[in-house]
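Chain by chain, the residues:
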Amino acid sequence: GQNIDQPTEMTATEGAIVQINCTYQTSGFNGLFWYQQHAGEAPTFLSYNVLDGLEEKGRFSSFLSRSKGYSYLLLKELQMKDSASYLCAGSRDDKIIFGKGTRLHILP
Amino acid sequence: DVKVTQSSRYLVKRTGEKVFLECVQDMDHENMFWYRQDPGLGLRLIYFSYDVKMKEKGDIPEGYSVSREKKERFSLILESASTNQTSMYLCASSTPQGSSYEQYFGPGTRLTVT
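Read top to bottom, the protein sequences are chains A and B.
In terms of my numbering, the first sequence opens at residue 1 and continues consecutively.
In terms of my numbering, the second sequence opens at residue 1 and continues consecutively.
If you're looking for bench data, these hints aren't it; they were derived computationally from the structure.
Misleading hints may appear alongside valid ones.
[As the list claims (entries may be wrong)] Only pairs whose alpha carbons sit at most 30 Å apart, straight line, appear in this in silico DSS-like list of lysine-lysine:
(1) B:K3 with B:K53
(2) B:K70 with B:K13
(3) B:K55 with B:K13
(4) A:K81 with A:K57
(5) B:K57 with B:K13
(6) A:K95 with A:K57
(7) B:K3 with A:K57
(8) B:K3 with B:K57
(9) A:K68 with B:K53
(10) B:K70 with B:K57
(11) B:K13 with B:K53
(12) B:K3 with B:K55
(13) B:K53 with B:K18
(14) B:K70 with A:K95
(15) A:K95 with B:K18
(16) A:K95 with B:K57
(17) B:K55 with B:K71
(18) B:K18 with B:K55
(19) A:K68 with A:K57
(20) B:K55 with A:K81
(21) B:K3 with B:K18
(22) A:K57 with B:K18
(23) B:K3 with B:K70
(24) B:K18 with B:K70
(25) B:K70 with B:K53
(26) B:K13 with A:K76
(27) B:K53 with A:K95
This one's a predicted model, so the numbers in the text were calculated from it and none came from an experiment.
Given the sequences, and given the hints that come with them, work out the whole structure.
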């Protein structure tokens with residue numbers, strides 16, 4: 001199958017750290033994307049992992065374990081502007097299969 | 001800067017009308033995609049194209065068709081709009097160069113069919 005599972009909603013506090021998990025049940029993915037989507041806007045690229053391990057990019061980090069079919073997005077020093085949906089997506093050839101997204105609420 | 005544009009941000013059409021959604025990208029990308037996004041269902045692929053005059057069905061092609069006459073332009077056509085096609089439509093493009101197939105999205109068209 002091509003299921004990509006991630007929590008529907010999460011809530012965190014400004015200044016804190018939050019980890020958004022993503023699991024997938026397919027072979028054949030070349031890599032794993034994370035996109036951010038603010039309400040009413042288009043998704044924007046955050047990260048792409050093709051190798052196992054952690055990749056850090058400023059306040060955001062993304063982790064991939066291909067053998068476990070598992071990824072997470074780590075957001076540090078949360079800001080109110082981080083309130084958005086975060087989409088986990090697997091790439092296969094030229095296509096991207098998207099999960100349903102995790103809506104992250106940031107409380108002051 | 002990468003740019004994907006869509007012809008309309010908001011569109012209201014009547015049931016049975018033929019609807020054209022246009023998408024243009026200026027990055028010389030080979031691949032273009034049409035998605036619809038609905039609450040609780042996420043992004044679902046309708047059609048995609050790897051090259052001019054080529055098209056492939058995605059996961060939910062029923063009720064839609066596409067046209068790619070020029071590399072930069074990918075059109076989504078609703079032959080006879082129905083109320084269940086009320087949705088946010090997102091166009092994206094990508095290039096197969098390199099190891100990443102990052103997709104760049106347009107701003108979206110919110111279509112309401114009444």
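(message) Which constraints among the numbered hints does this structure fail? Numbers only, ascending.
(response) 9, 20, 22, 26
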